[in-house]
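Asks: Spelled out from the first residue to the last, the chains are:
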Amino acid sequence: MNSLALMGFGPGGWGGAMVAAAGTTLLLAVLGFSAGAVFGTLAAWARIAGPLPVRLLADGYTTLLRGIPDLLIIYLFYFGGSVALSAIGQAFGAQGFIGMPALATGTIAIGVISGAYQAEVYRGAFGAVPRGQIEAGRSVGMGRLLLFRRIVAPQVLRYAVPGLGNVWQLVLKESALVSVTGLVELLRQSQIGAGSTREPFPFYITAAILYLCITTVSTWGFGRLEARTLRGERRA
Amino acid sequence: MDPVFMGETFVTLLGGLPLTLKLAGSAVACGGLLALALAAMRLSGSLLLSAPAQAFVFVFRGTPLLVQIFLIYYGLGQFRPVLQEWGIWWFFRDAYWCALLALALNTAAYASEIVRGAVLSVPHGQVEAARACGMGPVTRFRRIVAPIALRQGLPAYSNEIVSMVKATSLASVITLMEVTFLAQKLISQTFRAIEIFVCAGAIYLLLNIVVTRLVVLLEYRLSPHLRAAPREPASAEAAHA
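Note that the protein sequences, when read in sequence, are chains A and B. Mapping of the first sequence onto my numbering: residues 1 to 236, in sequence order. Mapping of the second sequence onto my numbering: residues 237 to 477, in sequence order.
Read the hints as simulated data drawn from the structure, not as lab findings. These numbers were taken from a predicted model, which means no experiment stands behind them. One should not assume that every hint holds.
[To be verified] Which bits of chain B does chain A cover? Going by a derived footprint, with three or more residues having C-beta under 8 Å, they are: (1) 313 to 322; (2) 340 to 350; (3) 380 to 390; (4) 402 to 410; (5) 441 to 452.
Idealized CB from N, CA, C, for every residue including glycine.
Chain A extracted, bound-state conformation:
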């Protein structure tokens, strides 16, 4: 079978499986990125406004997570999560080993990793919000939550768009590492196909092209988003 038919959508073609796996990759990336937004916001808030111990903790989180290989962190959650789940299971009388669901492992691991990067992005964006606006909000009697919702959050998001675009690209590429947990995303699917047809090259090159498509569309999308967030700014 030539490699075009191999990647086709006809009978015996792997095209459908590869596209579906690309969907899983996207899902994993979106979930991980969203989880990272939560971790990142918390860490950024802790570093900006937290009391000293909390701030040190958040500092430690961002430096540690950016200095340790992502693969190691995925292994930690994969094996560590299963051990913890099994222990909890035993406490409730269940027998034997309980594996951590691969999608959950991937989401948490990517969330924790990208959260460290997102924290830096949000912190930088917060620095770009003019102080006067926060003071003005306070002077008209806004509470902390209202101030955050109406003044801080919209502007932080606007300034954070370019940085978040970079983190999103990172997350997309990191999602390939989750293949080591057995989650059938794009890379894992290629490994499966390569193994069963003994033709690794067409599979890996297809995976590379699909990744390239996803990253290219994302770059374009973030570019559009950035242009849109800046539509109120006066251009130099």
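Place chain B on chain A using the hints.
Replies: Same frame as chain A, now just chain B:
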């Protein structure tokens, strides 16, 4: 946490450190040279040179490193007869060379953008001034552009080196026994994920701290003009007063 177990784990994992260092060092060195060539191609002004460089950067920055490693190690392995005919099969047969090639090509793509940005950041007036003094292109590059660009690009490059140190862990997936490989093997044997993770993480973290400190030191040495002038020795004046 069991200190005895942690100590043993640490010693075991240190066994993988030479390979990690070798991979990271060679990848950064080869990738750095390639990055210089790529940046020169992109800055050449000729479409014939800059288009391939741009395509290279686009492909290697747009796909995961793990896919690149698999493509080189397993994917090219499919063309074994051709590679044997060309006499380069020994290279693609060996997981170490494949991992090194993937890492070097990957870091070259990222680093070439850093180099390009650094060269473009050199103020135009300085280049003009050099030209007005009658410097030729080579002297101009050696005396004006290269030193300024080096200082400008260094912080971003230190991030790239750190990410290469981290990226060597991916070589474990194609059976290279570096630190992450040993850690993963230990975890799947003992299931003491947290303790082993702490040991392996500490090794990488220390490595990265050393790298960033060294670059900061180099940056300090390269920017004497940004430092405050050395203060007059106060003791001498005090003695006169």
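Asks: None of the hints should be skipped; say for each whether it holds.
Replies: Structure-based check of each hint:
no. : hint       : in the structure
1   : 313 to 322 : holds (count 3)
2   : 340 to 350 : violated (count 0)
3   : 380 to 390 : violated (count 0)
4   : 402 to 410 : holds (count 7)
5   : 441 to 452 : holds (count 3)
The earlier numbered hints that this structure contradicts are 2, 3.
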